[in-house]
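**Student:** Chain A is fixed; fit chains B and C onto it per the hints.
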Amino acid sequence: MKPARLVAIVFLALVGISALVPRLWTPDSYETQLREAPDAPPSARFPLGTDALGRDRMARLLYGTRVSLALAPAAALLSCVVAALVGGLAGWAGGWTERTVLASVDLFMSLPWLFLLLTVRAVLPLNVSPLTSLSITFALLGLLSWPASARVVRAAIHSLRDSDFMLQARASGVTPWRLISRQLIPNVMPVLLAQFWIAVPVFILAEATLGMLGLGVSEPLPSWGSMLRELEGGDLWSQPWIAAPAVLLAAVVGCFQLILPREDYSI
Amino acid sequence: MNHPVRPLVFLALVASSLNAGEIRLALHSEPKTLDPLVFADESAEAIRYLTEGVLIRINRLTQQPEPELAVSWKVSDSGKRVTFQLRKGVEYPDGSAFTSKDVVETFHKLFDPALHSPIADTFQTEKGAVAITAQGDYTVVANFPAPPSAFEHLFDQVAIVSHLAKQRPAPGLGPFLIGERVAGSHIVLKRNPKYWKHQADGQPLPRPDAIRLEFQQNRDLELARFQRGELDLIDTLTPDLYDRLAKDAPGRAFDAGPTTDAEFLWFNMAPQSPLAAYKKAWFQSQAFRRAISEAIQRADLSRIVYRGHASPAAGLVSPANKQWFDAKLSPEAFQPADAAKRLADAGFKLHGSVLSDAAGHEVEFSIITNAGSKTRERMAAMIQQDLAKLGIKINIVTLEFPSLIERITRTLDYETCLLGLVNIDIDPSGLMNVLLSSAGNHPWNPSQKTPATAWEAEIDRLMLAQAASSDAAARKKSFDRVQEILREQSPMVFLLHPNSLSAISSRFPGAKPSPFFPHTFWDAEHLTAAAGK
Amino acid sequence: MLLAGLASALLLRFSPGTLVDERELDPRMSQASLAALRAKRAAENSLSAGFVQYLKAAVRGDLGQSTSRNAPIADLLTQNAPATLRRLGIGLVGAWFAGLGMAILVARFRQAWVVESVASMAAGTLLSLPAAVLAYFCLTAGVAVEIVLILVLVPRVYRFSRNLLVQAYGSSYIDMARARGISETRILFAHVFRSAAPQMVALIAASLSMAVGAIIPIEAICDAAGLGRLAWQAAMSRDLPLLVNLTMLIALATTAAMAIAELAPLRPGESSS
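As you go down the protein sequences, you meet chains A, B and C in turn. Residues in the first sequence are numbered from 0 upward in steps of one, following numbering that gives the first Met the number 0. Residues in the second sequence are numbered from 0 upward in steps of one, following numbering that gives the first Met the number 0. Residues in the third sequence are numbered from 0 upward in steps of one, following numbering that gives the first Met the number 0.
By construction, these hints were calculated from the structure, which means they are not laboratory data. Here a beta-carbon is modelled for each residue, glycine too, at the ideal position from N, C-alpha and C. Hints should not be assumed to be uniformly reliable.
[Claimed, not checked] Coverage of chain B stretches by chain C, computed from C-beta distances (three or more under 8 Å per stretch; other residues unrestricted):
#	region
1	173 to 186
2	217 to 224
3	407 to 421
4	426 to 435
Chain A on its own, in the form it takes in the complex (with noise of 0.2 Å):
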C-alpha cells in the first residue's frame, strides 16, 4: 500500500477515536458554558481555547467530528442505493426508458432543492432532538443527492449490459434475473463503492455548508459546519484558531481522496 493512502488510513482512524472517545483529549462536555471565561485563547487547558458562550471548541470540535463523520456515512450509503436503483434501471432498460430516466436527471438536478430542505426542516416537530433532526436531515440530502451517482452507475450498466460475457450468458439461456444477480450486481459494486467512497466527503461538505448556511444542527449539538460559522464575524488574523473545523475538515476529506482509486475520474 502506498504509504500516503496508509497516513490516510491512519489519520481517519485516529479521528474517528478521538470522536468515538473525546474524554482522551478533553474532560468538558460540549455544551458546558464556562461564563467567566469566553474566548479565551489556547492554553494548557483549552487547547483551541474557548468560543463566544465559553464552551470548549475542543469538545465540541471532537463531538461535532462524530455528527459528521457518523451521518455522512448513512447518507451516502442511501445516495447510493437510490442511484444504483435509478441508473440500474435507465442502464439495463435502454432506450427510451434511458432516455427519459436521463431527462428526469437533468430535470431534478436544475430544481431549488433548498425548500425542500426548509420545509422539511420547517415543519419537523418541535422538540425532536438536534439528532433526529440533523439525521432527517441528511436522509433528506441522500435522498435528494443521487443523480450525479446515478449518471455514473448508468453509463457503467449500458456497457456492461453489451460485453461479451453478458451477451453470451444471454445466448446460453440464463434467465434475466440470473444475469443481473450473477452478472451484473458483481461487476457493477466496484462503480457503486467508487461513488460511496466519493459522495461520504460530499456529504460533510455539505452539511458544513448548511451549517454555513444556518441550516445545520440546532444548539447545543456541535458539528462541523456550526462551527464554521465562527469565521462568520470572527477576527481570523487575531484569531486563528477558529479555522480548526476547516483546517480537520480539509484533513479527512483530503484523506478520503487519498484512500480513493486513482482510476476514478469522476469530478
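**Tutor:** For chains B and C alone, coordinates are given in the frame of chain A:
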C-alpha cells in the same frame, strides 16, 4: 439671469464654500418600494428620511420636536386641534411652491384605504381619523377626534409630497434627491439644489454633494469596506464587529447607549394553538412564567452575548425613553432559588435533574427564533443552560424568518419565541397594536375577541385610557401600571435593551451618533468632510 | 425548462412561510391593513398567478414583476446577469488556465514528482473545503469573488485533465512521435490534445454546470450583486415569480451543459459530472 458666466461663478462659489464630498454607507437590504407614504422596511425609511420634508422633525439627539416645513404650531380645543403655520418660500425641485395644498393632498393620499399604509394607521383612533384642512395657502389645521398623544412624532413620519406629483416617489423637499439607482447594487442621492435650509452663515445646505447607499447584507464585508475606507458610516454594528473595530480603530466605533429596542421571550398562551393541554396549562400559569423569568441571568446575556453593550430590561420600555420609562421597575433579578420554590409551590416536582409537573409530564419545551441571528441563537443557548439548572429541558429551533412568522402569526404552532422589537415608538400609543388583546400583533394571544384574562382586560382599559387622554401625568400613571402588570404576569420575559453601536470614519469627525434611527446620518445635511479627505 | 419552472413553483408555493410578509410584524399596522397585506400576499403567490399567468405573459415577452423587489423581472435579470456572466467567464477561464496548465506540466514531466505532489496536495486541499469556507477565507483576505470560483473549479479541472493527459502521454504513438523528432509542442497540440479532445469537451460542459451551481452560494456569502445572490434572496423572501424565472434559467444552463457533455463519447465508468 441668462449671462453664461453667472452659472459658472455660482458653481465656483458653491464649490469653494462647501466641503464637497460624498457620504458612503451601506443599507442591509434593498428597499422594496421608494413610495414615501408606504413604510416598507428600514432601508426605505432611510431614503425617505434623507429625501423628503416633514412638517415637524424630532431631533434624534435631543428628542425634542423642531420646526421644519411648519414654522410653528398651536394646540387648541382641549388638545384636539393643531394649527400649523407653514414655511414660506419653499419650492419643490420642479419649481412649484410648497403650500397647504401639498399637505392636504399628501394626507388625502396617505389615508387612501387602498394604500394600507402603516403610517396612516398611526393616525387612526377608535373614534376615527384625523381631518386635515387648509386655511389659506400657509395654514393647515389638523382636527383629531380625540386629543392625540405626542402628535409631533406622528408628523415626523409623514413625507409631504407635491400635489402635482403624478407618481411616487417624486422629487421632494428633503436635502437630497434620488439620483442613480442600480437594482441590487446601490442608490445615489444627490444634493437638492432647491433645499430650503441654510447654514448659520447663509450658505445653502446640504453640505455633502451626495450620499451613496450600497446594498450590502453581509456585515463582515461592510466592516471590511469601512476599514478600507470604502464606507464612511455604519449605522448598526453587531457587538462582535463593534469590539473588533474598537480594537483596530479606537475612536471610530461608537456606543451611543441604550436604544428603544427590546429583546424578549414570550409564551404561546393562545387557546386555539395546537399545543398539548398540559403545556398550555404551564404557559397559562403565572407562577411558571415568573419562575422562568427569575431563572434567566440577564447580566450574563448582556456581558457575554452583547459584550456589555446592552442593559438588562425591566420591561418593554427602555431607559432611553426617558419620558415613559417606569423608574420604579428594575430589571428582574436572577433568583434561581426563588424560581425553584415558585415552581414547587405550583405543583412542579424535581426528580433528580428533571422537573415534572403535577401530572408527571417532564417539563420540556422549545424556543423558536430566527436563523441567522447569532445574538439570538447565543441567548437561546444561554437560556437553555439557565433553565437546565431548574430541571427544564429546552429545545432550540432556529427557523428562517418566513417560517417563523408563519408559526407565530398563522398556525400558532410554537411554544415560546425569542424575538425583539426594533425602533419601538417613543410614545405608548405606538404600542397599541402590540398591547391591546384584540390586536393581530399581540404576541402571546393575538386577535382576542374579548380579553382572555382579567389582567389583559385591565391592560386594554389602561392603554385605551392613556390614548384618549391629553393629561401627561395621567397618561404616565396609566402606562406605568401597564408595565407593572406586564412584570407581574410576565407573558413576555423582557431580556435586554441593546445599545446603539455604530461606526463613523475620520472623514466626518463632526458626526454625532444617536441612539435613535437613523443613528449616524440623522444630521446628514450638516455633515462636513474633514479637510483633505 | 417548463417542468423545472413548474416544479420550483410548486416547491416554493407549499414551503412554509410563502404566504407571510415581514411587514406583518410592524406594530403600527392596524387589523385592516394586516388583513389587506395577507390577502395581497396570497394573491401574489397563488399558483395560477405565479405560474399560469407567468406563462401567458412570457409569451408576450413580459417576465412578470418581482414581489420582493417591486421591479420588472426582466430588468432585474438584465441588470444582474452581466456581473454573474463576467464572474463565470473569468472563473472558468482562470480555472482552465491554471488547472490545465498544471496538468500539462505534471503529465509532461512525470519524473518531477515534487511538482505532482504539490499540485495534488493543493488540489486535494481545495477540494476538501466547501465553497462557502473558501468564500469566507477570500472575504477575510479581501480578494475578488472570481478568485473563489477559480479556487472551486481549479482542482476539479486539474484532476480530470491530469488523468486524461497522463493517459494520452502514455500512448505508444507518442513515443513514436518523439522518436521521429517531433517537437513537444507539436506533440501536445497535434496528438495529446486531439486524442483527449472529446473528454475535454465533456469536462468543459461539466465545469460550466459546476460553476453555475457554485456561483449561488458564493455570491450569497460574498454578498456580491449578481444572479446567484438574486436567487438566494428570492428564495429567502419567497418571491415566486422571480424564482420561477431563475430556476428556468438555471435549468436551461444545466441542461445545455449536460447535453454538450453527453455528445462527447465517454469510456465505460467515466463520468463527466
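**Student:** Next, verify each hint and record whether it holds.
**Tutor:** Now the hints, each set against the structure:
no. : hint       : in the structure
1   : 173 to 186 : holds (count 4)
2   : 217 to 224 : holds (count 4)
3   : 407 to 421 : holds (count 3)
4   : 426 to 435 : holds (count 4)
The structure agrees with every numbered hint stated previously.
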